[in-house]
Amino acid sequence: MSTLEIRGLKVSVDTENGPVEILKGVDLTIKSGETHAIMGPNGSGKSTLAYSIAGHPKYQITGGTVTLDGVDLLEMTVDERARAGLFLAMQYPVEVPGVSVSNFLRTAATALRGEAPKLRTWVGEVKSAMAALSMDPAFAERNVNEGFSGGEKKRHEIMQLELLKPKIAILDETDSGLDVDALRIVSEGVVRAKADNDLGVLLITHYTRILRYIKPDFVHVFADGRIVEEGGPELAEKLEANGYAEYVSK
Amino acid sequence: MSTLTTNYLTPTGREEAWRFTPLKRLGGLHDGTFKLATRNTLALTSSAPTGITFERIGRELVSAESKTDDVIVGRIHEAAKEVSVLKIAANAELAEPISLYRLAGGLTDAELSRVQIRIGANAKATVIIENTGDHLIAEDIEIICEPGSNLTVVSLQEWDSKTIHAGRQHAIVDRDATFKSIIVTVGGDVVRLLPTVEFKGQGASVELLGVYFATAGQFFEHRMFVDHLVPNAKSRVNYKGALAGQDAHTVWIGDVFIRAAAEGTDTYELNRNLLLSDGARADSVPNLEIETGEIVGAGHASTTGRFDDEQLFYLMSRGIAVEDARRLVVRGFFNEIVSEIGNSDIQDRLMNRIDQELEKAGAK
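Chains S and Y supply the protein sequences, listed in that same order.
Using our numbering, count along the first sequence one by one with no gaps and you end on 250.
Using our numbering, count along the second sequence one by one with no gaps and you end on 614.
Take these hints with a grain of salt, some might be off.
Calculated pairs, DSBU-like style, for lysine-lysine (alpha carbon to alpha carbon, straight line, at most 35 Å) [to be verified]:
1. Lys331/Y - Lys412/Y
2. Lys610/Y - Lys58/S
3. Lys165/S - Lys238/S
4. Lys127/S - Lys165/S
5. Lys118/S - Lys610/Y
6. Lys274/Y - Lys331/Y
Don't read these hints as lab results, they were simulated from the structure.
Throw the hints in and build the complete structure from the sequences for me.
What follows is the structure in structure tokens.
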């Protein structure tokens, strides 16, 4: 049983006009097996929340705490956070020229497991993870995210989620840019990871359509750098009908 | 009798061709103050396969196939009493690469080495030249590609830290021939190489590829010149370099000349540099001169940058420690060209050397 606990999180970014506060005090607790959807309009700070928890250097933490099972994540480097059990599926996964998917995955698995996975079982693991997401085996020999379509990038992110077996995963707009079939395949991957590893999920999205496949236990509405309303799955339906207008400052 | 009667002026460092080069560190190769060695260190690694000859021939029997305005190349042609000639017979197809290497050299006197590689019509071969140890050496390699031939020359500068190496690798590429050059420079104190090409016949295609990694105090210069003299030839240049450490200095010059007669030319050149620390300097100067507009394409690009923070973040967010993430990114950066060598032993060796250079530099 793991718990990601976010308390009073405040985050700024540097701009030409000095630091600008993006997150203005976020409180959120995610436990193993739970799915939390964070929904909100563009520019509300949803992605900032995701990247700040993962430790992206662009974001300055100006207040609050983030702990995983009581251990302070904010004191850790990016790789230490991942080794502590955190995973971020990115909205825009980064190209790494000249590094093959298979080399990348094996390096990551070695880092996370503390030893190189046995070659024989590892090859099988990767093959089945790829097959489960309807990915061509030739994919493993391509360079990380280089020339990938939007759908391939997202499948690759979820394949990593299944292979690397984190405790808590943040999915940053994993549904964006996916057609209906890809959305279903990717969502099934998340559901499998939940079932297999009792994964806790923080699902960031604009739209309710992914919630048809990945049922949230809690829905949080995000606006202007904080959570402004919380509820169960019924809140998503209300958002679907009414949009975010009532939450956006007038 | 030398076939060249040269009266070269000693460069002062103000000349365009010499403005980046630290002349004082050239061991006298540029001003003739070196002591001439009698050694000829180039040798075949194993016995010559069928269709190949490798001989040392008196210079009176081997005329130069090209001109040069480089003072060091001129001195080589005046001083070298014999020429190492590698011949690949017409129509030969060699499954295995021809491997040459340099035996122990020295730093107290200078070897002036003249080499000719000639591949016969429609033959196909790969030549690998491995350079290790400490040498003071000036080297001119003329590469003659006869019509329809297909030649790859891999030149590995895995020198020890005191080597001074100035050289030219000049390819003369005839009709429908394909020439690929891969130059790797990861060792030495001063290395200055001139990969140059002159197209002799239509339909020929040339690729000049290179990688270099300079650490503290090292100077590596690669100065190409691709001369499109004839119509319908294609050239591609792609050099990638990394630098780390105080006063690591690399120079890449890409001169491409499309003459009035060279209609239908297709050329593109690219140089990318990865600056891994403060105190290092990468000069990168692409230069395209075009005398005809009737071409397929002509372009160039040059970038010099640091580690991409987003790449490192992505890798680290998967648990990979920062040193390993950097190693992956640097290996990936070089892989595009190193993988073209087509020999996994050499590729692995070079990648390990690149890891070591990175570690030595403690790049941040």
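*asked:* Can you confirm whether the C-alpha distance between Lys127/S and Lys165/S stays at or below 35 Å?
replied: Holds - the C-alpha atoms of Lys165/S and Lys127/S are around 16 Å apart, at most 35 Å.
*Pairwise hint evaluation, Lys412/Y against Lys331/Y, where the allowed Cα distance is 35 Å at most*: Cα-Cα ~26 Å, so holds.
*Verify the proposed pairing of Lys165/S with Lys238/S, using a straight-line Cα cut of 35 Å.*
This hinted pair holds, its Cα atoms lying about 33 Å apart.
_For a C-alpha distance cap of 35 Å, please report whether Lys274/Y and Lys331/Y respect it._
OK: Lys274/Y and Lys331/Y at ~27 Å, within 35 Å.
*Are Lys610/Y and Lys58/S close enough, with their CA atoms no more than 35 Å apart?*
holds, 29 Å
*asked:* Holds or violated: Lys118/S and Lys610/Y, Cα atoms, limit 35 Å.
replied: Holds, at about 30 Å.
When held up to the earlier numbered hints, the structure conflicts with none and fits them all.
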